[in-house]
Structure formats: structure tokens, C-alpha cells
Amino acid sequence: MSTLSQLAAVYAQLSLMAFGGANALIPEMQRQVVDVHHWMSAQAFAALYALAQAAPGPNMMVVSLVGLRVGGFWGALVTTGAVAAPSSVLTYLVSRVWDRFKNASWRTALQAGLQPVTIGLISASAALLIESTTVDWRAALVIVVTAGLFIFTKLNPLLILGAAAVTGAVGLVG
Amino acid sequence: MEAITTGETASPSVVDLFTGFFIVGVYGFGGVLPWARRMIVEQRKWLTPVEFTDMLGLCSFLPGGNIMNVTIALGARFRGIPGAAACFLGLMTAPVAIVIALGVVYDRYAYLPPVRQAFVALSAAAAAFVLATAWKIASPLRGKPLAIGVAACTFVAIAVLRLPLMAAMPVLTIGSTLLLWRFRK
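Protein chains in written order, with the numbering used here: chain S, 85 to 258; chain Y, 2 to 186.
Pulled out of the complex, with its shape left as it was, chain S reads as follows (with noise of 0.2 Å):
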């Protein structure tokens, strides 16, 4: 197989169990793209993840990012419309039956189901790329101050990740 039909088959299986979006596929990403494809290290994907976070767009940005790294622009492109077309099929024969079942117990029930899964494949998501990242104590010190001020404070993430590359640049950290 092709790398660019390697990459399309990767990216619409995960489009399908996308549930909390790319956060929550980033354990299977990681997974495909470094222990079965060989594709990059754990860390060149941790650092395509955070760059991702300086584009505008949905967070599924990420998805075109792997795609560049191992298929130039047009892996960018299957990549990303990978991830894009089995769901959005679903969407578009879903959204016109969606009346009929919104209120339907199964669905509710489904959907409470979904809840903690999706919780803890994010938490998984969280544990795997801090255990790419913490390269050595002060990328630590970095996740246990940054994590405080996501969580405690109001800033604007964007602001504390720019604060973070800043501190990185001029030689605090790394």
C-alpha cells in the first residue's frame, strides 16, 4: 500500500469513533502513526499536537499536520478529508431522521454512555502526551505550572501556550 492510501485508511477509521474529537483520538493516532507505521517518534508527534494549537480552525488540526509530515501537502489533504468524510456521511443521513429519534431512549442512553468514554480516552490523550513531553524537569516544572493556570485561571490558553514557547525561546527550558 501507498503511504497517502495508508494514511487514508488510518484517518476514516478514526473519523468514525471521533467522539470529543481529536483530543480523544490522539492515544490511537500516536499509536498508528509511531508503534505500528513507524512514521515519527512520540515526541516529533507531541510537537505537531502543539503546533496544531497555533492554527485558527476546529481542533482537528493536528490531523493535517501528521499528513504533511508523512505525505507532503497532498498527504495534508487525504488526511484531513479522511477524517472529514465517513462522519460527515453519517451527519448528512442522520440530520434529516434526527426529529424522528431526539427524544428516543436509546439515544439518551447511548449518549450517557458515551460520557465517561470519552472522558477517559481524554485523559488517556493527556497521560500519553505528557509521557512524550516531560523530557526532562523543567519541561515538568512547564506542565505542572501551565496545568494550574488552564485550570484555575481565566487567561486565554493561547496566551499561557505563548508565554510557554517564549520561556522555551530564550533558554529557560529545553
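Quick caveat, the hints were computed from the structure, so don't treat them as lab data. Owing to the predicted nature of the structure, the values given are computational and were not obtained by experimental measurement. One or more hints might be untrue.
No farther apart than 20 Å at their CA atoms in a straight line, the calculated lysine to aspartate or glutamate pairs in the DMTMM-like style are these [unchecked claim]: (1) S:Lys186 - Y:Asp55; (2) S:Lys186 - Y:Glu52; (3) Y:Lys46 - Y:Asp17.
Far from chain S by the CB rule (all over 12 Å, computed), these chain Y residues [as the list claims (entries may be wrong)]: (4) Ser12; (5) Val16; (6) Asp17; (7) Thr20; (8) Arg38; (9) Arg39; (10) Val42; (11) Glu43; (12) Gln44; (13) Arg45; (14) Pro50; (15) Gln118; (16) Ser177; (17) Arg183.
Covered by chain Y, according to a simulated footprint, are these stretches of chain S (three or more residues, beta-carbon under 8 Å) [said to hold, decoys possible]: (18) 92-103; (19) 132-145; (20) 179-185; (21) 190-200; (22) 203-213; (23) 232-245.
Just so you know, even glycine gets a beta-carbon here, dropped at the ideal spot from N, CA and C.
Add chain Y to chain S, keeping to what the hints say.
Below, chain Y without anything else, positioned relative to chain S:
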């Protein structure tokens, strides 16, 4: 026309749909949803607040990026498949172009020590951001031991055992749904 049921006469063309979401894509730093709601409900009045919440309910229930699903559902509602394509491409064009440009610039300068060090710190902070997200969305689990158990099982299956999501996700979702339904209050 379904739009008539709102009492509104909103009837955006394919071009309107593209440009509306194009602007949302450009502005949407740190989360697109607030910008999308502003454009759809407040500025262009394509949907009433209730209709928007309803559509968002559908789009959060289904897999895929919430906002990507909104582009499909809203575009299809007004202009069928061409409308859905227009909204989706409108939303994605600018962010994908910008992120590709960022990726190219990063690849070119990643070897420079200040850039490398900036990314060590930025990656750590981005990981902390996901941790904070997990912390915040976990608050509805308080006082629900069964749901906490499901979240813990998911965490172990994915982060510790590193099981493939294709295998783990259906089992966890079905198991969780049946368990929580059986012991619902």
C-alpha cells in the same frame, strides 16, 4: 423549505454558506464553536438559538468534529449536498492552508536551538492543556462511581494496555451504555 418552519425567511446561497464559514475558520482561534454560533445565530440569522442548540446536540452526539458536523448538517438543510460541501470547504480552507504553512516553516527552522527549545516548552504546555480539558470535562462524573469506573477502565485500556481503539471503543461504549442504563437512577 424546512427553513420556513422557523418563521424566518433565511435562505443562504451556496456562496453565502461558503463565505460565512470561511470567516468563521479564519477567526476561530482556540475553538471555533463560539464564532460559528455568532455567525449563524446572531449575525446572519440562519437559525434561531433553539434550532442551533438542537443542531449542535445532533452534531455532538455523532462522531467527528462537532463543528465539522455542523457545517454538514446546516449546509444540507439549506442547499443539500452542494450546501454541505460549501460549508465544509468554507470552514476548512483557511485553517488547513495556515496549518500547512506553519508546518512548512516549522520543518525549515526546527533545527535552530531556540525553535527547538520553544517547542519543548510549547509541547509540554499543550499536553497540560489536554490535561486541563480532561479535568474540566470530568466534573459531571462527581458522585457517579459507575461512570468513574468506566472512565478508569477506558484510561487503562488505552493509555496503559495501549489497545487499538477500533477494538476497545465498541466494547467500552456498549458496556458503558448497558451498565449505566441498568443502574440508572
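Hints and how they fare:
Simply put, S:Lys186 and Y:Asp55 have alpha-carbon atoms about 9 Å apart, close enough for the 20 Å limit, and the pair holds. About 13 Å separates the Cα atoms of S:Lys186 and Y:Glu52, which keeps this hinted pair within 20 Å; it holds. Restraint check for Y:Lys46 and Y:Asp17: satisfied, since their Cα atoms lie roughly 12 Å apart, inside the 20 Å limit. Residue placement check: Y:Ser12 keeps its beta carbon more than 12 Å from all beta carbons of chain S (closest about 18 Å).
The Cβ of Y:Val16 sits about 20 Å from the closest Cβ of chain S, beyond the 12 Å cut-off, so the non-interface label holds. For Y:Asp17, the shortest C-beta to C-beta distance to chain S comes to about 19 Å, beyond the 12 Å cut-off, and the non-interface label holds. No Cβ of chain S approaches the Cβ of Y:Thr20 within 12 Å, the least distance being about 16 Å, so the stated non-interface status holds. Every CB of chain S is more than 12 Å from the CB of Y:Arg38 (nearest about 14 Å), matching its label as outside the interface.
For Y:Arg39, the non-interface assignment is confirmed: its Cβ lies about 15 Å from the closest Cβ of chain S, beyond the 12 Å cut-off. No beta-carbon of chain S is positioned within 12 Å of the beta-carbon of Y:Val42; the least distance is around 18 Å. The beta carbon of Y:Glu43 is kept farther than 12 Å from every beta carbon of chain S, the shortest such distance being approximately 19 Å. For Y:Gln44, the condition that its CB be more than 12 Å from all CB atoms of chain S holds, with the nearest at approximately 18 Å.
Interface exclusion of Y:Arg45 from chain S stands, the closest Cβ pair being 19 Å apart, more than 12 Å. In this structure Y:Pro50 is separated from chain S by more than 12 Å, as the shortest Cβ-Cβ distance comes to about 17 Å. Non-interface call for Y:Gln118 relative to chain S: violated, since the shortest CB-CB distance, roughly 4 Å, does not exceed 12 Å. Chain S draws Y:Ser177 into its interface by the beta-carbon criterion, the shortest separation being 4 Å against a cut-off of 12 Å.
Distance check for Y:Arg183 against chain S: the nearest CB is about 10 Å away, which does not clear 12 Å, and the non-interface claim fails. Interface restraint, the stretch 92-103 of chain S with chain Y: holds (7 residues with C-beta to C-beta distance below 8 Å; minimum three). For a cut-off of 8 Å, the count of residues in the stretch 132-145 of chain S with a CB near a CB of chain Y stands at 14, and the three-residue condition holds. Under the rule that three or more residues need a Cβ within less than 8 Å of chain Y, the assignment of the stretch 179-185 of chain S holds, with 3 such residues.
Against chain Y, the stretch 190-200 of chain S contributes 9 residues with a C-beta closer than 8 Å to a partner C-beta. That satisfies the three-residue criterion, and the hint holds. For a cut-off of 8 Å, the count of residues in the stretch 203-213 of chain S with a CB near a CB of chain Y stands at 11, and the three-residue condition holds. Figure legend: the stretch 232-245 of chain S, annotated as covered by chain Y; annotation consistent (7 residues with Cβ-Cβ distances under 8 Å, at least 3 required).
Of the numbered hints given earlier, the model fails hints 15, 16, 17; all others are met.
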